[in-house]
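Given next are the chains, with one letter for each unit.
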Amino acid sequence: MINWQTLVLVAALGWAVWTLYSTFRPRKNSACGGDCCGSIAKSK
Amino acid sequence: MISGRQALKVALVGNPNTGKSSLFNILTGLNQRVSNYPGITVEKKTGFCKLDQRTIAEIIDLPGTYSLHPSSLDEEVVLRTLVEPGNPDRPDVLVGVVDATNLKRNLYLFTQALDLGLPTILVLNMMDQAERKGISVDIPALEASLGVPVVVINARNGEGTSLLKSSIKDLTSTLREPVFDVRTDAPGYAEQVRQYLKLSGDYAGWLVGTQARDLTFLKPVQQDYLQQLSLRNNLDTKKLRIKETIRRYQIVNGLLEATVKTDPGKDRSLTGIIDRVITHPVYGLLILFGLLFVIFQAIFAWAELPMNLIDTVFSNLSRWVREGMEPGPLTDLIAEGIIPGITGVVIFIPQIFILFTFISLLEESGYMARVVFLMDKLMRRFGLSGKSVVPLISGTACAIPAIMATRNIENWKERLITILVTPFMTCSARLPVYTVLIGLTIPAREYFGIHLQGLVLMAMYLLGFVMALGSAKILSLIIPNRTQAHFIMEMPAYRVPLYRNVMLTIWEKSKSFVTNAGKIILAISIILWFLASNGPTESFTHAAEITLENHPELNGEQLDQEIASYRLEQSYIGHLGRFIEPAIRPLGYDWKVGIALISSLAAREVFVGTMATIYSVGSDDELSVMQHMASEVNPRTGGKFFNLAVGVSLLLFYAFAMQCSSTFAVVRKETKTWRWPLIQAGFMTGFAYVVSLIAYQLLS
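Heads up: the sequence lines are chains G and A, in that order. If you count the first sequence from 1, you need to add 1346 to reach my numbering. If you count the second sequence from 1, you need to add 58 to reach my numbering.
Watch out, some of these pointers could steer you wrong.
Here are the computed lysine to any residue pairs in the SDA-like style, where the Cα-Cα straight-line distance is at most 25 angstroms [to be verified]: (1) A:Lys577 x G:Gln1351; (2) A:Lys727 x G:Val1363; (3) A:Lys569 x G:Thr1352; (4) A:Lys698 x A:Thr605; (5) A:Lys727 x G:Leu1359; (6) A:Lys577 x G:Leu1359; (7) A:Lys727 x G:Gln1351; (8) A:Lys256 x A:Phe275; (9) A:Lys698 x A:Leu751; (10) A:Lys730 x G:Gln1351; (11) A:Lys256 x A:Ser225.
Which chain A residues stay away from chain G? Per the calculated CB distances, all over 12 angstroms, these [stated by the list, open to error]: (12) Lys227; (13) Leu229; (14) Gln286; (15) Leu287; (16) Val340; (17) Thr389; (18) Asp390; (19) Ile412; (20) Lys577; (21) Glu639; (22) Ser657; (23) Val691; (24) Ser719; (25) Leu751.
Using C-beta positions, here's what the derived DEER-type ranges look like [as the list claims (entries may be wrong)]: (26) G:Val1354 x A:Arg377: 46 to 56 angstroms; (27) G:Ala1357 x A:Pro501: 30 to 40 angstroms; (28) G:Trp1364 x A:Asp186: 47 to 57 angstroms.
The set of hints was computed from the structure by calculation and includes no laboratory data. Owing to the predicted nature of the structure, the values given are computational and were not obtained by experimental measurement. Where a beta carbon is used, it is the ideal one built from N, C-alpha and C, also for glycine.
I would like the entire structure built from these sequences, with the hints used as guidance.
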């Protein structure tokens, strides 16, 4: 039988793992609206 | 609801430091940082403004630029917005913001913008300062010469903005003769480019045609075609740009002679006098060093009281939760995982608040621009640009925006070196780590009124800076040069910092620390708590029985502590720490420090949160993290574990190691290759290991 304490615990752990995963995974930077991928190779 | 589709698009264009962003703030009411620090407006900002009851304008704050001949990516944004066919941000009305104290250079850009043929308004800002300098402008004559409305505003207090709004609303498109005639030097060329790219006017064709090879928004096939076109017309595009510059300045000079009068005798500006001292190669550096000294002393002295208060409040909260809630895993999670994790974030807000108050005041007052000027000569010696100081100084806050801010460095090599060395600068994430380690291992003594701990903190900041410069020098000798860059900047007049802007900066910095770093710290705290509260073997489950069997002489608090220690050793996290212990033992670290080193790969400040969790897990009292760490005993020596040798070794490790996965990701993104971030991480962490090893072996 799963009690509510275990459920909250699992939710907290799930949130923590997701937060870390979303930090590590490569993605567009939201701080610049996803438009900050200027390539160094492009700048002269 | 305001909709962008119905709104009149208005673009603000101007040189850096003309008050463009301040005007944008007044018009839109949006929160945006305003500063007279060069290069701050690197991103496009938009907002809505009510011109009257029925007319809405969408205001676009374009990056500051000196001309429409871009030499960096952010300057190219301006050209692209104004000339690119079908650009979604192409404005209906152009507002050219100019600094009345520097009309010649400002009008150069304005006349370029004017020749694009869009309905345009000239906004004269800083007229009060111009008048103090003895500059008077004949507004009606200027209006007549340029053929556009001229509106005088004061972007600091909003004077004249109502008139500007009504001028924007009532502006009608009028046909004017261009200031610069593109047909004189290259008959038909601009027109051919315009037709090929379907541009809006001949001057747009001229701008694109004379710098096609440098524009990243053109496709290679378009660049090739335009190059062929210039060859067919027997044109040297570089010479054409030079001719335009010379002719345009001649026109601007004539315009100013007819409309502006200067009385040098009236110049009551103190800026020049102050600058003679502030930018002096010796006195200037002494002043800068003195200011840094005051700032770092203040961080330690002023922040102590609020930090102690926060510590006490959260310790009591944790105790209250454990006493008030039913015992169980959830109570443990809150009292031992979440609350210590949050404490590890909140406790450093007072220091961040103080540091950014100073930084913001320096930026707002105009002093930061002098710092850039002062450092240019020094920077050149190390293969960096004067502009590198901006990312390096920003790196004292966070390497992520700092590395992104390198985009306004034109030279590829200087930009790459700046990216590679910026993580050596002492970011705010290191501050919590340094504070704890310095507080633990450096004696709290004062010599001649100087706080020793504050002095060590300042030394850590300087060490990061020196290391950044040293690495830059080595890199400048290794990396081949591709192009030459020239450093152009201006000295804005000294101004009384605006309270609103200072507070906004502090709020933004503190908020981003709490929301960005805080989230990661909390998540890691929860996972660590789980890993520390569970173990893979039976030994963990039966920790109490095993401890009692092994230590029948213990009871009460001593027994509880021994059980807690045994449980931690047998937990998942204990196994992980033990796994790396052989590698870090020569540096003076044990498996607990090993756990903190692993977890702080996410962000350096996680070290503190990890320590908070490790030392409060299984413990019955609510001593603060610092006290827990201070009471840790080295089982081999019987003395304090966190002694001077371990403290210095850890400080050096955190100063030099590339321990931030976000920095790694942003370097990968900016250099578009894994090569540079891998070299960077390998070098930094390897160097940190060697230096920490030497320091520990010498001091222990």
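Verification of the supplied hints:
1. A:Lys577 x G:Gln1351: Holds, at roughly 22 angstroms.
2. A:Lys727 x G:Val1363: 24 angstroms, holds
3. A:Lys569 x G:Thr1352: 32 angstroms, violated
4. A:Lys698 x A:Thr605: 24 angstroms, holds
5. A:Lys727 x G:Leu1359: Violated - the C-alpha atoms of Leu1359 (chain G) and Lys727 (chain A) are around 30 angstroms apart, more than 25 angstroms.
6. A:Lys577 x G:Leu1359: 13 angstroms, holds
7. A:Lys727 x G:Gln1351: Violated. Lys727 (chain A) to Gln1351 (chain G) sits at ~42 angstroms, over the 25 angstroms cutoff.
8. A:Lys256 x A:Phe275: 15 angstroms, holds
9. A:Lys698 x A:Leu751: Given that 25 angstroms is the threshold and the Cα spacing comes to 19 angstroms, the pair holds.
10. A:Lys730 x G:Gln1351: 46 angstroms, violated
11. A:Lys256 x A:Ser225: Not satisfied, since the Cα-Cα distance of roughly 30 angstroms exceeds 25 angstroms.
12. Lys227: 29 angstroms, holds
13. Leu229: Non-interface label stands for Leu229 (chain A): nearest chain G Cβ at 29 angstroms, farther than 12 angstroms.
14. Gln286: 20 angstroms, holds
15. Leu287: 20 angstroms, holds
16. Val340: 36 angstroms, holds
17. Thr389: 8 angstroms, violated
18. Asp390: Given that some Cβ of chain G is not farther than 12 angstroms from that of Asp390 (chain A), nearest at about 9 angstroms, it is violated.
19. Ile412: 24 angstroms, holds
20. Lys577: The claim breaks: Lys577 (chain A) does not keep its Cβ more than 12 angstroms from every Cβ of chain G (closest is about 6 angstroms).
21. Glu639: Holds: least Cβ distance 24 angstroms, greater than 12 angstroms.
22. Ser657: 10 angstroms, violated
23. Val691: Label holds. Min Cβ-Cβ 31 angstroms, cutoff 12 angstroms.
24. Ser719: 6 angstroms, violated
25. Leu751: At roughly 29 angstroms from the nearest Cβ of chain G, Leu751 (chain A) sits farther out than 12 angstroms, so the non-interface label holds.
26. G:Val1354 x A:Arg377: 46 to 56 angstroms: 21 angstroms, violated
27. G:Ala1357 x A:Pro501: 30 to 40 angstroms: Because 46 angstroms falls outside the window, the suggested range is violated.
28. G:Trp1364 x A:Asp186: 47 to 57 angstroms: 54 angstroms, holds
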